[in-house]
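In order, the protein sequence lines correspond to chains A, B and C.
Per the UniProt record's numbering, residue 1 is the first one in the first sequence, and the count goes up by one each step.
Per the UniProt record's numbering, residue 1 is the first one in the second sequence, and the count goes up by one each step.
Per the UniProt record's numbering, residue 1 is the first one in the third sequence, and the count goes up by one each step.
Hints may contain errors.
It does not matter which identical chain is meant; a pair holds if it fits inside one copy or across any two.
List time: in silico DSSO-like cross-link candidates among lysine-lysine, alpha-carbon distance up to 27 Å [said to hold, decoys possible]:
| hint | residue 1 | residue 2 |
| --- | --- | --- |
| 1 | Lys-610 | Lys-561 |
| 2 | Lys-94 | Lys-122 |
| 3 | Lys-74 | Lys-386 |
| 4 | Lys-33 | Lys-610 |
| 5 | Lys-95 | Lys-231 |
Calculated from the structure, these hints are not laboratory results.
In this text the structure is predicted, and so the values were computed from the model without any measurement.
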Amino acid sequence: MVKSIQEVMPHIAFGGDYNPEQWSEEVWLQDAKLMREAGVNLVSVAIFSWSVIEREEGKFDFTWLDKVLEILHKHGISVALATASASPPAWLSKKYPEVLAVKENGVCYQVGSRQHYSPNSKRFLEAVSTLVTEIATRYKNHPAVKLWHINNEYGCHLAECYSQESLDTFRSWLKTKYQTIERLNQKWGTAFWSQRYNEWDEIQFPANLPTFYNPSQMLDYKRFMNDSILKLYLLEKDILREITPDIPVFTNFMYEFKPLNYFEWAKELDLVTWDSYPDPREGIPYSHAMHHDLMRSLKGGSPFYLMEQVTSHVNWRDINLTKKPGEMRLWSYSTIARGGDGVMYFQWRQGRAGAEKFHGAMVPHSNDPNSRAYKEVKQLGNELKKLDKIVGAKTNAKAAIIFDWENWWAVELEGKPHNKLSYLDQVYQYYEVFYKQNIAVDFVRPDSSLEKYDMVVAPMLYMLNESASSHLKNYTAGGGTLIVSFFSGIADEQDHIHLGGYPAPLRKLLGLTVEEFAPMAENETNEIVANGQRMKVDLWADIITLEGAKAIAHFTQNWYKGRPAVTSHRYGKGCALYIGTNPSANYLMELFSGLFHQLDITAPLQTPQKVEVAERVNDNGHFLFILNHNEDPVTITLDQEKVYENCLNNKEVRKEIILEGRDVAILSY
Amino acid sequence: MVKSIQEVMPHIAFGGDYNPEQWSEEVWLQDAKLMREAGVNLVSVAIFSWSVIEREEGKFDFTWLDKVLEILHKHGISVALATASASPPAWLSKKYPEVLAVKENGVCYQVGSRQHYSPNSKRFLEAVSTLVTEIATRYKNHPAVKLWHINNEYGCHLAECYSQESLDTFRSWLKTKYQTIERLNQKWGTAFWSQRYNEWDEIQFPANLPTFYNPSQMLDYKRFMNDSILKLYLLEKDILREITPDIPVFTNFMYEFKPLNYFEWAKELDLVTWDSYPDPREGIPYSHAMHHDLMRSLKGGSPFYLMEQVTSHVNWRDINLTKKPGEMRLWSYSTIARGGDGVMYFQWRQGRAGAEKFHGAMVPHSNDPNSRAYKEVKQLGNELKKLDKIVGAKTNAKAAIIFDWENWWAVELEGKPHNKLSYLDQVYQYYEVFYKQNIAVDFVRPDSSLEKYDMVVAPMLYMLNESASSHLKNYTAGGGTLIVSFFSGIADEQDHIHLGGYPAPLRKLLGLTVEEFAPMAENETNEIVANGQRMKVDLWADIITLEGAKAIAHFTQNWYKGRPAVTSHRYGKGCALYIGTNPSANYLMELFSGLFHQLDITAPLQTPQKVEVAERVNDNGHFLFILNHNEDPVTITLDQEKVYENCLNNKEVRKEIILEGRDVAILSY
Amino acid sequence: MVKSIQEVMPHIAFGGDYNPEQWSEEVWLQDAKLMREAGVNLVSVAIFSWSVIEREEGKFDFTWLDKVLEILHKHGISVALATASASPPAWLSKKYPEVLAVKENGVCYQVGSRQHYSPNSKRFLEAVSTLVTEIATRYKNHPAVKLWHINNEYGCHLAECYSQESLDTFRSWLKTKYQTIERLNQKWGTAFWSQRYNEWDEIQFPANLPTFYNPSQMLDYKRFMNDSILKLYLLEKDILREITPDIPVFTNFMYEFKPLNYFEWAKELDLVTWDSYPDPREGIPYSHAMHHDLMRSLKGGSPFYLMEQVTSHVNWRDINLTKKPGEMRLWSYSTIARGGDGVMYFQWRQGRAGAEKFHGAMVPHSNDPNSRAYKEVKQLGNELKKLDKIVGAKTNAKAAIIFDWENWWAVELEGKPHNKLSYLDQVYQYYEVFYKQNIAVDFVRPDSSLEKYDMVVAPMLYMLNESASSHLKNYTAGGGTLIVSFFSGIADEQDHIHLGGYPAPLRKLLGLTVEEFAPMAENETNEIVANGQRMKVDLWADIITLEGAKAIAHFTQNWYKGRPAVTSHRYGKGCALYIGTNPSANYLMELFSGLFHQLDITAPLQTPQKVEVAERVNDNGHFLFILNHNEDPVTITLDQEKVYENCLNNKEVRKEIILEGRDVAILSY
């Protein structure tokens with residue numbers, strides 16, 4: 001039986017990726033000492049070590065890794081041991097070229113960077129299987145090994161493969177899904193453009209086509225690739241579970257990563273972890289805050305780890321700005337505030353050679369313990385030691401945003417009325433309202449249990465099947481407040497239109513029909529009037545006919561002026577709002593403020609601008625995080641009745657607290 | 001002997017593409033009823049039906065099509081029956097991969113969208129031949145079948161193929177054209193860059209070259225591909241003519257379509273048809289008006305059909321704006337005004353699945369007879385019933401613009417003095433003068449008969465052979481007025497320079513030499529002065545030496561200031577003007593107003609701005625179309641002597657007529 | 001023993017590429033007469049003549065070339081005879097497809113333009129060898145042949161090849177370089193991302209990778225391709241030297257050409273020549289002036305030839321502006337002023353057909369001796385006859401800029417802190433200071449002898465090995481003034497970081513450590529203050545800790561405000577300055593003016609703006625070039641003591657000289 005994360009890591013995890021194979025043994029000892037000083041309690045080892053572990057086919061060399069783990073263990077540092085499968089060695093693809101992934105133009109990817117493998121290569125799966133079995137067997141009882149770090153950022157460079165073996169696997173996958181070719185023809189709508197198939201092996205990739213592809217086929221290809229990569233993960237997981245049934249496993253997720261349906265993946269992880277690299281030029285990284293909330297939501301509220309961040313600057317953007325003093329610490333606490341129990345870095349020691357040598361690290365090229373990077377790391381690492389009691393604490397959100405990877409895939413396929421719409425932008429827009437008001441919000445799938453939420457937002461939920469539609473109706477009928485935005489409820493899970501007036505499965509719930517779509521050109525705007533106020537809208541206008549709903553905002557311009565733009569509809573015990581355009585941020589802020597007030601959804605504290613507040617709760621108490629993203633000090637008024645303790649300095653706090661620029665407090669009560 | 005279009009369709013054709021194979025039989029009946037209500041009298045059927053007609057090689061299934069044609073016929077709806085060859089079935093390319101077109105990088109196009117075939121695949125031609133023979137044989141006597149709709153939008157996605165079979169065919173084509181390799185070497189100028197060929201099979205595609213290609217070779221490749229696709233069309237046409245000698249045939253042309261020389265194609269069509277999708281953001285679709293005039297001109301003034309338009313919005317632009325109420329009707333009448341005898345749509349019923357499901361249709365997804373789309377269709381369809389008497393009427397133009405596909409190909413090949421010049425933009429610029437003044441204008445080829453025209457404009461006629469040059473000289477000498485713009489008469493039909501001073505074959509006619517070209521940078525302008533007025537010019541300046549001509553405008557800036565910019569030269573009984581720069585619209589408007597006045601070329605009516613006027617004439621009378629593109633009403637003064645009847649409401653009209661915003665009148669007299 | 005250039009061409013060379021194979025024999029005679037009139041004394045013949053010389057494999061036809069050379073010789077025109085290898089004939093690649101270069105995607109380049117060969121094809125090298133041997137043998141004693149023109153613009157279209165033969169050659173090259181695979185692993189840092197190699201044949205191209213390549217591998221691939229192409233050149237050179245030991249050889253270099261390390265190449269040339277095509281829209285072509293200085297520096301100050309320029313406009317830019325009257329002459333004199341002993345054109349007679357027919361020429365399409373092009377050519381050619389005494393004169397520069405091709409390759413590889421930095425832009429920025437003040441400057445390599453220079457500038461010298469670092473230290477210690485700009489001294493010749501604080505090998509010399517890099521976003525700026533003045537900076541800020549140096553400018557904004565931006569450090573008898581940001585032009589101008597003053601580095605004359613001055617010296621005297629780039633006349637004050645003679649009109653000049661717009665004077669004293 002697998003242990004809980006809190007059992008194996010009863011601290012806020014702190015550390016980073018550690019690549020000792022790039023350094024000599026003398027450096028390893030120095031590393032361990034510096035790690036201890038910096039408060040490091042966990043490192044990920046051997047992520048890119050396949051070629052030095054299995055030096056030739058079947059010839060394994062663990063001597064160096066034995067030494068590394070011994071040193072770490074002696075210094076009290078736990079290890080998330082990697083399965084080393086992220087970058088296959090050159091000998092493998094030389095001997096078995098079929099392991100190479102293939103581009104759309106038929107050209108094989110090659111060795112020389114990383115992740116050049118096809119997830120559908122049986123030979124590759126065998127090679128991974130051998131490798132993982134060897135590693136797991138060797139270290140199954142090693143006392144330092146607390147976690148398994150499987151592969152690395154699955155699909156980050158390659159989430160599509162066009163090899164013949166992938167094509168054969170795709171055909172099998174389709175056969176399993178549809179059983180008969182007749183059913184596939186129906187579900188893919190192949191009566192269109194004479195696309196009918198007689199045999200499974202007539203099916204090709206949605207690639208190298210003269211023009212627009214079949215959207216149903218495209219969607220299935222995306223599902224297939226997600227499944228192919230997940231299958232590769234599961235191969236490793238199953239081996240590890242077999243050999244070390246008690247050690248938790250994870251892999252690290254990414255930011256705005258569309259190809260993998262992380263909700264599906266999270267089911268197979270014991271711990272959600274992700275890599276966060278906000279671009280410093282963006283100021284407050286609220287899209288990263290959203291990802292923290294999303295990552296926390298993937299396993300229903302369980303704490304996640306930030307598996308990678310950088311101390312200073314990355315090297316893979318065009319221009320890599322560096323974090324200002326204090327930003328790294330502040331953003332790390334934002335992670336914990338929003339449900340993180342781990343704060344890790346890529347990487348421990350900055351590399352001397354290779355493609356990432358200008359990526360910042362905990363120990364920079366200068367190796368100087370007085371460098372800003374190391375000093376900030378050390379300060380944070382030692383602070384975090386005070387936060388053991390927070391480990392495992394949860395976030396209680398009364399609101400949720402529906403986020404659905406399959407909808408993301410579908411709504412951004414080509415051939416739509418407006419092909420510049422971004423699903424993420426739509427979601428961000430609604431998330432921002434919550435973030436700026438410090439209202440806790442979870443992310444859910446369309447068919448998730450919604451009972452605990454007073455309010456659910458469904459931004460641009462284009463693809464929605466009948467059963468999820470009913471689910472939303474039941475939620476609303478039962479007293480929930482549902483907010484649906486434009487271009488929702490249009491297509492089923494095959495990307496076929498729900499006939500009978502848009503949005504057919506939600507018309508009764510919303511009390512309206514959308515007669516037509518009127519996309520707006522770049523730079524085109526319209527205006528809505530609500531409560532006598534006029535506000536800009538853009539991107540899209542629905543031409544709405546009310547069928548029970550009442551309009552709460554109207555368009556003021558163009559041929560559809562005077563028609564409803566935003567509506568509200570009582571449905572059962574609840575209420576369904578519809579936003580038939582892309583409103584300005586200030587309209588959303590007002591609309592939602594009203595709803596929060598009605599539904600008694602409140603922030604933990606009222607704060608000045610740019611002060612982030614979030615609360616986590618466990619048996620040890622409530623932990624109120626206050627983060628000042630301003631450069632100047634702010635005064636925050638607290639609950640006048642409560643007595644707090646600031647966990648970072650163990651001081652008692654009452655009535656109010658003053659926070660310096662970029663400072664943070666964690667008040668327990 | 002083939003029947004005339006007027007004989008088989010003595011009405012303004014009204015209808016659209018009909019794809020019943022995407023729907024169940026119950027829907028077919030509903031369709032037929034709705035069509036009747038909407039005034040539909042013609043539908044195109046089976047365009048994308050190959051895979052449901054020939055379900056396996058040689059196994060034909062016509063049962064569904066029999067039923068569809070029967071229902072349509074019973075409801076009095078005529079059929080343009082398609083040859084179903086536009087999108088080959090998956091079984092064909094699986095069995096015969098050689099039918100697939102090949103990209104420049106050697107990768108085959110694949111099944112999954114449409115038009116993935118190579119026009120040079122003999123196996124593909126055989127397959128088409130079998131299919132068309134079967135369809136024609138089955139329906140040769142069907143009473144509903146009035147027209148043959150061959151293939152669909154030839155070349156729209158694929159007008160180049162780089163297969164080995166295409167290469168072999170290209171070599172044969174060259175051998176036929178040049179007879180000896182020595183002659184090819186001479187005509188391709190292969191002494192340049194050591195490009196000499198000894199044998200035909202040394203010749204490659206103008207593709208995958210390290211740098212600039214041979215322009216003569218490129219031009220021949222374009223000619224070859226045009227011929228290859230035309231050959232494919234002719235294969236179908238010949239079969240149909242053999243089996244149904246009396247049924248007219250057509251295929252549908254496209255907007256701004258460069259790869260196919262439609263003047264050549266039109267010779268082989270009984271009816272010119274084309275597909276018009278103006279972007280609503282552009283306001284008045286005058287480039288589409290130009291295409292109407294061009295399509296009318298392709299067969300010397302014969303009425304054409306608009307084969308496809310959309311009721312609301314398309315789905316293949318980045319952002320697909322919808323037509324405002326009234327625009328679809330207004331633009332349909334513009335079609336008829338400029339020589340159209342048919343107004344059709346893609347498509348009848350909006351698809352539920354596939355790549356075009358968000359493309360508007362006559363019956364939208366809601367299937368609602370009160371939808372704006374269907375209501376506007378129905379209004380128009382019923383109005384058009386009143387216009388039988390207009391069928392076959394002609395446009396009498398006294399001016400013509402030379403438009404030449406081969407010149408389009410040549411002038412936009414790389415390696416020119418100014419490589420951002422657009423032939424279409426140059427043509428549009430001159431067309432706009434005619435359009436805005438409501439002066440009827442035809443399009444002609446450089447060697448067309450020009451007797452009936454008082455004025456001929458040749459914009460940027462870069463490629464012009466000796467014989468066409470003589471033709472233009474004769475036209476002018478005989479009394480015509482010829483306007484030639486910069487970069488004309490430079491190269492012969494091989495894209496070799498006419499030596500001896502630019503533009504060598506026109507120097508005597510124009511009375512000048514262009515000593516040099518002085519292209520202007522982006523954002524660079526110069527100025528000309530004419531009659532004391534100064535106006536901006538850009539793109540290009542010719543450095544002109546007069547040799548008989550007189551300057552009517554001069555440059556005012558840069559090192560060539562004071563030199564002639566626009567010239568006029570008496571030649572025989574006529575006059576040749578030369579415009580050696582790219583003038584502003586207002587200069588052209590003034591210059592041409594003067595010429596119209598001199599030559600007594602007048603509009604049918606004087607109108608306020610944005611009111612389009614055009615006239616058609618036949619034995620039933622004169623039909624004066626007045627289209628108000630303004631949103632507000634306008635009053636148009638008519639011929640004070642005439643008595644008109646408005647064909648749309650059968651009312652008598654005298655002196656003046658008031659038209660509502662976006663309204664139209666058709667006055668007969 | 002090879003003759004000196006001055007011996008074979010004791011005049012300023014004047015002429016151009018001559019391609020008689022494109023014209024008939026009558027034209028050849030006319031050409032020779034016009035050449036004489038124009039003062040032409042040298043033409044390059046047969047550059048693209050392979051297919052007309054070797055018409056089939058082993059069948060050579062020299063009859064036409066015999067005649068051409070005879071005519072030229074009779075008219076007193078010398079010949080730089082080409083080896084005709086620039087564009088292989090079609091029969092060669094048909095018979096031996098392995099001669100074709102291959103793209104990264106595996107597709108072969110094809111015949112139809114030029115330079116489609118792989119420099120690593122042994123079969124191609126054999127074919128070249130045969131060709132060159134034949135030509136050299138035939139014309140070794142021809143009295144007109146003074147120089148060998150080898151190939152043409154090596155690598156201009158193709159400086160990379162991905163054929164299997166190239167891959168095999170790359171592996172051999174690596175084996176020769178590294179001896180053992182272990183050493184390669186170390187030097188490539190393959191411990192990173194599991195990139196370890198066991199065998200040489202596991203190594204692939206740095207191509208078709210899923211993500212960032214290995215920078216050490218990339219650098220070696222660039223070195224390998226440079227060497228491959230140089231090897232091809234040397235094959236020809238060695239044959240020519242063997243057959244004609246006394247005839248100098250050259251090939252023509254290009255502008256801003258990154259793939260070939262011209263410093264290495266120049267060692268193998270008897271004469272540096274290059275092709276200069278400034279874009280007229282840029283105004284004064286100072287980047288071309290820099291190239292003149294660079295070309296002069298490649299062989300340590302020996303005069304170079306401008307091998308190609310254009311009379312009017314080229315045809316390969318998007319928009320090809322034409323030179324204004326006088327610009328061609330003025331810019332030609334700039335060439336000579338900066339060390340050129342030859343001024344040649346592409347090409348003699350403008351082609352009638354082919355990809356370059358709109359490229360200007362000495363004789364234009366009109367063939368008109370009164371054309372501006374020919375008249376300007378003739379004027380210049382006849383003026384140059386007066387300048388024999390200048391031939392061989394040198395430039396005496398007291399300052400140098402370090403320019404290093406390998407650094408160019410390395411610093412622009414991906415994955416840097418700031419990936420929009422341009423090495424050339426950084427170099428131009430410093431060069432501009434010299435150019436605008438008319439201070440002579442040479443270009444040197446990091447390890448060149450620096451004794452003769454009072455000042456050396458090292459802009460962004462990212463890659464610098466230990467020995468070159470010591471060299472710079474010795475130079476400074478010995479009394480030199482060294483100016484180093486940001487991001488210098490970071491990596492060794494493998495692109496591995498010099499550990500121990502940036503810039504490790506220069507820290508002692510500069511008296512500082514760069515703690516961190518702070519790249520700036522697009523449009524982000526900061527400010528420095530120096531001597532009380534505030535000036536904009538952008539792109540980059542170094543976070544500097546002084547260790548002996550003193551700050552002479554500080555940042556005024558952002559979190560590092562108050563920290564040093566520019567520093568100065570006494571080192572031995574000299575001084576090392578460090579510029580830790582990208583300063584504005586005015587700051588550089590001031591900083592350098594101070595340094596020039598201190599070091600007594602002066603311009604030959606003080607002049608108004610936009611007047612270029614340069615001096616050359618030989619046994620015949622001093623030659624002071626004064627070029628007025630203004631459109632209006634200027635008055636230049638001369639040395640009041642000296643008596644000059646203007647070589648262009650043989651007039652005596654004292655005290656001052658007035659130059660018309662775009663005019664030039666060459667004053668000898």
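Verification of the hints:
Taking the shortest Cα distances, Lys-610 and Lys-561 sit within 27 Å of each other only across copies (24 Å), while inside one copy they are farther apart (37 Å). For a Cα distance limit of 27 Å, the shortest separation of Lys-94 from Lys-122 qualifies both inside one copy, at 16 Å, and across copies, at 25 Å. For a Cα distance limit of 27 Å, the shortest separation of Lys-74 from Lys-386 inside one copy, 23 Å, qualifies, whereas the shortest one across copies, 86 Å, does not. Taking identical chains as interchangeable, the C-alpha atoms of Lys-33 and Lys-610 are never at most 27 Å apart, the minima being 38 Å within one chain and 63 Å between chains.
In this homomeric assembly, Lys-95 and Lys-231 come within 27 Å of each other (Cα to Cα) only inside a single copy, at 24 Å, whereas the closest approach across copies is 33 Å.
Of the numbered hints listed earlier, the single one contradicted by the structure is hint 4.
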